[in-house]
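Asker: Take these sequences, add in the hints, and give me the full structure.
So the sequence lines, in the order shown, correspond to chains D and X.
Just so you know, the first sequence maps onto residues 1 to 192 in our numbering.
Just so you know, the second sequence maps onto residues 1 to 124 in our numbering.
Check each hint, because a few of them may be wrong.
To be verified - Simulated pairs of lysine-lysine, DSBU-like, Cα-Cα distance not exceeding 30 angstroms: (1) Lys25/X <-> Lys63/D; (2) Lys160/D <-> Lys117/X; (3) Lys160/D <-> Lys91/X.
For the record, the hints were derived by calculation from the structure and aren't laboratory data.
What follows is the residue order along each chain.
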Amino acid sequence: MHSLAPDPIVLERHVAVLEAENLQLTERALGAEQRLARAAQLYASVSQLHQAADTDEVVIVIKEIVANLVGCEEMGVYDVWPQGPVCTYVDGIGLDADLFGSLPPTHAQVREGIATGALVLPADPMAEPIHGRPVTAVVPLTDQGAVCGLVVLFQLLRQKPRLDEADRDLLEALAAHAGRALVHARLREQVR
Amino acid sequence: MSTPKTILCADDSLTALTMHQMILKSHGYRVVTAQDGFEAVTKANAENPDLILMDVVMPRMTGFEAVKQLRNTPATQRIPVIMVTTRAEPKVIETCFQAGCNDYVNKPVDGAILLSKVRALVGV
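Answerer: Right, here's the structure in full:
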């Protein structure tokens, strides 16, 4: 009479297959969670920028995005005057407002950001520091193609060794939406 | 269908609150928010959440002070708390646990890590 007990070797193979499938599903689920988190970051950032009632609130949201969502402990928000171009300090985190009151007009990455309107991510943040601080990113804030402001990220949080692809996406969203949000906020203030 | 778990998110940053809400709600949690430590304590007493996500630096009352109050109140002393901290130094982490938190996440918050810590404390 044949035994009805399952073959242990066959069972082991089934278990191995199931474990491999489980691992795959876990990795896919993790990937989905990470994509969701990135989407949530982008949505939260853009929606808060456009809900801001005035320029002060827009600047607060910019600071929140950079500090909390990117992970930066030194950053400055600057007005850009196209006649210069001159960058004057509006607000920031972790900076001496007197020392960082304006950006060096000859700074290569600052000039590149203003000239191109594109995000600048230096390969080496210490290649051209400003007042000894590493320049991690230069984010031109644009409205209809014109640069109306600049956000400069200096020192990242200690637990954040470098910017990644998700940060790039977030900073590009900041560049595209914060400029417009600032212009609209200023227009509303003028109307009032 | 089981009742969704309630998470109280306390943070003075509306941007961070919006993000946390989106992540947690999409995974079936009910989310209540507070924008400072004082409001967090008030809402914890009112809502009796299953978990509190507490930012450290907030106006009116810091996250540390809020957790200490919660731990000194019978109705809220058992609610698990995850601190959200900017600083990752061991001394800061030690302060979080001394205040009475159960776990912590560093900023910038990784959504996947946040969810795994939430699940570990309250389940899905």
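Asker: All hints are to be evaluated individually against the structure, with a verdict given for each.
Answerer: Each hint, compared with the structure:
1. Using a Cα cut-off of 30 angstroms, the hinted pair Lys25/X and Lys63/D holds, with the two alpha carbons roughly 25 angstroms apart.
2. Between Lys160/D and Lys117/X, the direct Cα distance comes to roughly 20 angstroms. Compliance with the 30 angstroms bound is thereby established for this hinted pair.
3. Between Lys160/D and Lys91/X the CA atoms are separated by roughly 18 angstroms; this keeps the pair inside 30 angstroms, and the hint holds.
Of the numbered hints listed earlier, not one is contradicted by the structure.
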